[in-house]
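Starting from the known structure of chain A, arrange chains B, C, D and E with the ligands on it as the hints suggest.
Residue numbers (the numbering used here), protein chains in the order written: chain A, 1 to 511; chain B, 1 to 332; chain C, 1 to 300; chain D, 1 to 334; chain E, 1 to 331.
Hints are not guaranteed to be accurate.
No more than 25 Å apart at the CA atoms, straight line, and that leaves these computed lysine-lysine pairs for PhoX-like [to be verified]:
no.: 1; chain 1: A; residue 1: Lys510; chain 2: A; residue 2: Lys201
no.: 2; chain 1: B; residue 1: Lys287; chain 2: B; residue 2: Lys269
no.: 3; chain 1: A; residue 1: Lys423; chain 2: A; residue 2: Lys464
no.: 4; chain 1: B; residue 1: Lys153; chain 2: D; residue 2: Lys325
no.: 5; chain 1: E; residue 1: Lys121; chain 2: B; residue 2: Lys206
no.: 6; chain 1: A; residue 1: Lys189; chain 2: D; residue 2: Lys79
no.: 7; chain 1: B; residue 1: Lys287; chain 2: B; residue 2: Lys11
no.: 8; chain 1: B; residue 1: Lys20; chain 2: C; residue 2: Lys36
no.: 9; chain 1: E; residue 1: Lys267; chain 2: B; residue 2: Lys264
no.: 10; chain 1: B; residue 1: Lys129; chain 2: D; residue 2: Lys79
no.: 11; chain 1: B; residue 1: Lys202; chain 2: E; residue 2: Lys267
no.: 12; chain 1: D; residue 1: Lys253; chain 2: B; residue 2: Lys153
Derived DEER-like restraints, expressed as beta-carbon distance ranges [stated by the list, open to error]:
no.: 13; chain 1: B; residue 1: Asn154; chain 2: D; residue 2: Asp231; range: 15 to 23 Å
no.: 14; chain 1: E; residue 1: Ala284; chain 2: B; residue 2: Glu199; range: 23 to 31 Å
no.: 15; chain 1: D; residue 1: Pro258; chain 2: B; residue 2: Ile312; range: 20 to 28 Å
no.: 16; chain 1: B; residue 1: Gln249; chain 2: D; residue 2: Ile245; range: 45 to 53 Å
no.: 17; chain 1: D; residue 1: Pro258; chain 2: A; residue 2: Ala25; range: 38 to 46 Å
no.: 18; chain 1: E; residue 1: Ala280; chain 2: B; residue 2: Asn141; range: 28 to 36 Å
What the hints contain is simulated information worked out from the structure, not anything from laboratory work. We put the beta carbon where it would ideally sit given N, CA and C, even for glycine.
Now for the letters of each chain:
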Amino acid sequence: GDSTSKSNNKDNGGGEKTLVFGRGADSIQLDPSKVTDGESIYVTNQIYDTLVRYVEENTEVKPALATEWNVTDDGLVWTFQLRDDVKFHDGTDFTAEDVVYNFERWTTSAEFTYYGYMFGASEDDMGGIIEKVEATGDYEVQITLSEPNAPFLQTLAMPPFGIASPDAIEEHGDNYFKNPVGTGPFVFKEWVPDDSITLTKNEDYFGEVAKIDKVIFRVIPDNGARFMELQAGTIDIMEGLNPQDIATAEGDDALQIIRRPSMNVSYMAMNMDKGGPMSDKLVRQAINMAINKDELIALYEGVGKEAKNPIPPSLWGFNDDIEPYAYDVEKAKALLAEAGYADGFDITLHTFSNPRPYMPQPKLAAQAIAEMLKEVNINVEITESDWDTHLATVENGEHDMAFLGWTGDNGDPDNFLYVLLDKDNATVGSAGNIAFYKSDEVHDILKAAQVEMDQDKRTELYLKVQEIIHEDAPWVPIAHTTPPLAAKSSVVDFVPHPTGSEPFNLLDIKK
Amino acid sequence: MESVKPLLEVKNLHTHFFTKTGVVRAVDGVNFDVKPGETLGIVGESGSGKSITAMSILGLIPSPPGRIVDGEILFKGEDLLKKSENQMRQIRGKEISMVFQDPMTSLNPVFSVEKQMVETVLAHEKVTKKQARDRAIELLNLVGIPDPSKRVKNYPHEFSGGMRQRVMIAMALACNPSLLIADEPTTALDVTIQAQILELFKKMQKELDMAIIMITHDLGVVAEVCDRVLVMYAGKPAEFTDTKKLFDQGKHPYTLGLMNSIPKISPNKEKLIPITGLPPNLGDLPKGCSFAPRCKHVMDSCLSIDPTLQEIDENHFVRCLLYEESKKAVTT
Amino acid sequence: MSIEPIPNVEVEQGKVKSTKSRSLGMEALFRLLRSKTSIVGLIIILILMITALFAPLIATHDPTVQSIPNRYQAPSSEHILGTDELGRDIFSRIVFGTRISIQIGLIAVGISMVVGVFLGAVAGYFGKWVDQIVMRFIDIMMAFPSILLAIALVAVLGPNLRNAMIAVGIVGVPQFARIVRSAVLSVKETEFIEAARAIGGKHGRILFGHVLPNSMAPIIVQATLGIGTAILDAAGLSFLGLGAQPPTPEWGAMLSDGRAAIQHAPWVVAFPGLAIFLFVLGFNLFGDGLRDALDPKLKE
Amino acid sequence: MLKYITSRLLMLIPVLIGVSILAFSLIHLVPGDPARSILGEKATAAQLEALRNELGLNDPYVVQYGRFLGHILQGDLGKSIQSKESIGVELIQKLPATIELAIFAMVIAIVIGVLAGVIAAVKQYSWFDNISMTVSLFGVSLPIFWLGLMMIWIFSVTFNILPPSGRLTTGVELNTITNFYLLDSILTGNWVALKDAFLHLLMPGIALATIPMAIIARMTRSSMLEVMRQDYIRTANAKGLRKTIIIFQHALKNASLPVLTVVGLQFGLLLGGAVLTESIFSWPGVGRYVYLAVLGRDYPVVQSTILVIAAIFVFVNLITDILYKYLDPRIKYE
Amino acid sequence: MSALLELKNIKKHFPLKSEKLFTKEKPLLKAVDGISLSVRSGETLGLVGESGCGKSTAGRMALKLLEPTEGEIWFKGENITNYRGEQLRKLRREMQIIFQDPYASLNPRKTIEQTLAEPLKIFGMPKGQVTQRIDYLLDVVGLSSYHKQRYPHEFSGGQRQRIGIARALALEPELVICDEPVSALDVSIQAQVINLMEELQAEFNLTYIFIAHDLSVVHHISDRVAVMYLGKIVELGDAGEVYSNPKHPYTQALLSAVPETNPHREKERIILKGDLPSPANPPAGCKFHTRCPFAEDICRVQEPELKLVSTGGQMAACHFAKEVVTEGNFT
Ligand SMILES: Nc1ncnc2c1ncn2[C@@H]1O[C@H](COP(=O)(O)OP(=O)(O)OP(=O)(O)O)[C@@H](O)[C@H]1O
Ligand SMILES: Nc1ncnc2c1ncn2[C@@H]1O[C@H](COP(=O)(O)OP(=O)(O)OP(=O)(O)O)[C@@H](O)[C@H]1O
Ligand SMILES: [Mg+2]
Ligand SMILES: [Mg+2]
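Okay, chain A solo, but in the shape it has when bound:
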């Protein structure tokens, strides 16, 4: 926010390589522990390192600040060996104490959203399942859990758990969020709010030093305008492409489309809590059958695949044996008749106006579904509201049917199934499970899977859960998207990560 200097460097004669990344919104804060928005995390992921990082292609983990680790058999005590050659961008050394400092900081306020959410913190118990974090040596940290947590390691790889420089935190206090200091491949340089954030490469990075010298994240709110900027060459790569523009980009030699692997799901939840037709399984199945997914998916303009399960196929534990409900209007009508709704009924469908990565055109999808359900005499009234209003509405269970979606955080099936479909999360007012699907059977299995440390056994359990859910049909699973990015053809080695953010130290710009 300094108003005296603002500079957007272009690679002038010296061969300095700058990557301009176009996106739709600005970061909110550059303190990853406090944010949940993708735009913030995308940037902090360049600045900070976590103890472990995801590998390039999927959500398996690899060493980062921690070189190795082990866990006791009961799954409660984790010990991490840390690198001893790492310096924060402010020049201070990275040690085990810094890790402890960060963990302790995350338990001081509700603002550290992800910590609380991933480790089950509450107002009374800010630590959640993490009992204690101790430095057992200069470069060794021990974390003790109160209960086993199968996805723990993957969770630690999430960007919100990036380790920040305690010195900088102390120094900047409330303004730390705009003066981020981490250990990552890029160093924070400048932030002009709502315009751009500039990072420069960290020459002393302990991992692979970046091939480009500078990254500028530029805010261009409108998808169409952003694409035009790309066409004009003023940005190098962009996310949030309008599906309609994909064909244009593909037809342009200077441009390429990069599809991010899917780790999300979009769905239409049917509120089982309200009584009425939605509490009848037959109705829910009928609705599943009445929807022509092929056409619906067509609206994704090739950026999505039809969904049949709540979790994306890229995740382990995906049950590929499940046969999706086939599009069959007659059968749907029959089911409805059986349920006593031969004449159909009136119902609301809540949707949201801002496109989300898992649902680029919610308004179109809603209209398409409404039109399809008309065939089986179900009369849908669409209510479209802004994102915040929508969330409030669906969490309060005011809807009959509602669109929503989920992007995985750590690549664990639990992060989908438990969060979205367990009865624990079906409380009115703060529901993650907005179908208010309350199956004890599902609950028991999911709980068991959470404490089971053997992945094969967990897989078994998750396969089973998916069957039950398929049968009970609380949702119409819609799609798993592969959100497209468009880039100049000169951008190479950009490997998009399913979690939605990838460090830029590996990519390069070819002249």
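Only chains B, C, D and E with the ligands this time, still in chain A's reference frame:
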């Protein structure tokens, strides 16, 4: 007096307005002349074409819809109607200037009096700004504005109605015109102020050798300041003669009706004798004499024959069939 | 009695064409019909009204029926204005959209007018503290950025067409109130109002029988022009996703929905916009002519 | 004069208080709350509650409003709940963007509008009059957002001659001093940036200018026609002044008075009304800022920014009033 | 003759808009500053004076269309100063007003019939009689019943003034205040209306307060005349007396300023200096002293009372009125 060459001669002037609803014959055959140094009065009811006659002389008829369709206006022997806009601009404000009815609205409210006077002088005379300013102050002094060198800086709204009319007159006198047209210069003023302004006019005329056309609908004003009078009715002259003659032996029924319908301050109150009916619509005049529908002495022929202006006596012109000997004979 | 009657000049001149007399309103109507622009405006409005009335006959397709495989088709003989993002016929949607737009225009302006006229009339007529209170309130609304006011109102009430109309209506209130107030203020001072008081008329009678009828001209003009503004505002709200709910063929929403496709299917954006433009233009042309016809200053 | 200004300024206070109450009430009535907006869909009920407490959102409305007013009175606009940044600092960035755009649009509107209006009035009923007045009716009938999109389609997509969004091309360097980019680039002698900033201003500027331009043109015309009928114009003619002097001095100065009021009003409206234009051209101004704040339930930002916009609006109108008085000697200050 | 209407020292002070925010004392415009008059039944009282001297304001107060700031109004022996609401409306039957501007005084959206019917309806005349009464009224003012369906804009100024008169007469009032009823009319029409008014007065035994600034008209129509200057009456008396023998220097100047319609007579003129001072800021002492050719020191400080200056009941407000009487031809 007979041999003096007239300063201005208006011959058979016709100024019409071509509006959507028809042709308005605002001025329809007006003849008169003004001799150097004399004051000519033009009287008539509202809408009788007094102002349009004046505007025609200055070439300021809004066009469209107005147009001078016929006639000659000879000023110092030259026909003004033949002059170009540029030439006319040289004459306006310099040779012929004009004072309007409403002093409240005739001065530009956003400019100081100084600016408005100076620009007039500069428009016509090759003098410096300084000289123009001095002239402005001198003129304001002449028309009786106290402390003129200070007041010249003021804006019009800072003057009262009477003062503004003095300023207007001063402005009109800026380039020593040989003819001043005053269009109802006192109508908007109170009687006591009117008396002041009329006094000023008399003084000006005495001091500067200048002819004046005084347009008014007040016969009192005419009696007071004019040498000769033109009475107009519905765009046409009704009677044209010396002031005294008009009051003593006015001939036209309209003139007489006018005189009878105004109350006089005299010890014995007489009943007013109004002219009946309404002034005609200039866009749709009746056939024959336009005064016929209201005329007490109307004859059959009046409804079909439009009389012409006749000199019935020396310097006494009347436009009425009663006085057109030949026709009168026929009817009586 | 010896009172001389005024001869009726017109009768005497034998030019009375009919004994029927014209009210000021009729005079204005004749003047209005003489102006070319207002005729054009009137024609546009009539065409739109007819379109709205006979929409099912004029439309070539069902405005909500989708054909996803046929989305984004360029104008052709089958779809004369092409198809939209769900393969619906744009022409038919625009045709049905006229109904929505007319509804928006009338209802929103109706709200502004009723509230605005009431506030303005009361403020202007009673003056003093009533005026003070009403005008401060109007000042506040004026100072509040109007589109933000509309956005906030819709956000509060919930985004749908009805609420968008209410919001647009409320936003239009100050305009009416001010216009009515100043009209009332000037009419209030005229001698015929004083005459009405002098013959013992009560406030209600004077306000509604004399003052308001004579303040009608600016109200009518503002109402006509206001319809255009209301449609633009409502379209703006829909454009921001705060207006008509899908699949309502509201023009602003259509434009907003088609926006993403501007590069490869510009017709999806171009035609609804053109429709809004035409509609608003119609009312503006008409309102403009109406103003000239009703404005006594321009009267010859 | 000074007295007049002070008393006028004092009279603004109740209006601004009213605006702040209205803004406060409206934004608090919008469903949803900032806590959810900050923490996102993944937060738990407990986290939300904790944050609401932290932010003081659970206090009674009166207390919250009092706190807000208290800050304002101390000249503190508060902090954005979303970005944690001081709203004052953010506005220093965004207001200039909007004001620059608004001024640019207004300059276009005034220059073209007044000129067209004067010519149309002087040549009443001529082809120029007819065409310019018809075009100006088009101007007020165009949905700006549509015009914006169409301009982008034509000038950016089809012909690629104007930039579709933003204030500067990425890569063009500019040291900012005032955040008015045109001014800054002149101050720093940066001609590349000047040209670039100017090109970026063109489309949004024109889009934003259409309505005021049309209104000004029509207002100037009718005002000129009115003035040209006045007695003092007849006087000026009778004095033998040149036509140009009569039109551009005598008539225009008088005719400019009502136009000035319209200009003031329109300028104020542009500031608050740029939401659509700013969102189409991705212009980083206050319009978008407060619009996003409404969507994000960023209460302090909505309240303070609307208050600032309202203050500017009334201030601009005050300035036009003062200018009016300056131009019209008939109006006295006391 | 009994007094039909009596004004006792009535004043009307209009508050002027002050742009100063925190001042208690608001500047006042003293439109009428203490006038007392009594109007006798059946007479015509002329009220003359220059523009802005408060004639209309006084007239409106008499009718209670304006609330006096001070003073009392008595009508038929009753103090009506504090009449409100219903009481006041009843009073309306007995006092009416005719306005100056024939164009502004009729509601342009109502037909003549509607305009004339309104007062009748307000006072509850049965429907059947209304039409009849309107026809009668139109006849009385010299219009025909076929004019009923017309709108005001279809009439000339003189005709409209007749309609205004008809409206005033609709309720059969006793007192009619005529606020410059002819000054907007052309000379030829003016006489028609004056004659009409005189005839109506005789016919219906009306009492007129006739406001005008045209001295000849006032002279013609009035029995008595009151001359106003800056919110005050400076001279009051029998019309013939006042015109032939004015006692107040202002009246003298006023009369001398009237242009003489006889070109043969040269009149002795008193040309007043300067302009009418503003009623917002009137001079102290005698309000006329700034323009008075005879002003002396006392005039600048002391305001003269209206006092009897002749046996005929003529009154004048001048310190030197007596002296004028003795010096003049009234020995
Ligand atoms: N621009 C115009 N268009 C049409 N008719 C006009 C126009 N200007 C004047 N007239 C008509 O010309 C006639 C004469 O007008 P003029 O102003 O000369 O009257 P006047 O004798 O000066 O009256 P007044 O005493 O009211 O000033 C009137 O009937 C008027 O309606
Ligand atoms: N409602 C009002 N508010 C403020 N001042 C007023 C009001 N009505 C009249 N005045 C002022 O009071 C003074 C007397 O006005 P009034 O109308 O009585 O004068 P008048 O003698 O009738 O003049 P005229 O001959 O012009 O009609 C004037 O200076 C006028 O400006
Ligand atoms: Mg005239
Ligand atoms: Mg008066």
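Hint check:
no. : hint                              : in the structure
1   : A/Lys510 <-> A/Lys201             : holds (17 Å)
2   : B/Lys287 <-> B/Lys269             : violated (38 Å)
3   : A/Lys423 <-> A/Lys464             : holds (17 Å)
4   : B/Lys153 <-> D/Lys325             : holds (18 Å)
5   : E/Lys121 <-> B/Lys206             : violated (63 Å)
6   : A/Lys189 <-> D/Lys79              : holds (23 Å)
7   : B/Lys287 <-> B/Lys11              : holds (23 Å)
8   : B/Lys20 <-> C/Lys36               : holds (14 Å)
9   : E/Lys267 <-> B/Lys264             : holds (15 Å)
10  : B/Lys129 <-> D/Lys79              : violated (61 Å)
11  : B/Lys202 <-> E/Lys267             : holds (14 Å)
12  : D/Lys253 <-> B/Lys153             : holds (18 Å)
13  : B/Asn154 <-> D/Asp231: 15 to 23 Å : holds (19 Å)
14  : E/Ala284 <-> B/Glu199: 23 to 31 Å : holds (29 Å)
15  : D/Pro258 <-> B/Ile312: 20 to 28 Å : violated (56 Å)
16  : B/Gln249 <-> D/Ile245: 45 to 53 Å : holds (50 Å)
17  : D/Pro258 <-> A/Ala25: 38 to 46 Å  : holds (43 Å)
18  : E/Ala280 <-> B/Asn141: 28 to 36 Å : holds (29 Å)
Figure legend: structure checked against the earlier numbered hints; hints not met, in rising order: 2, 5, 10 and 15.
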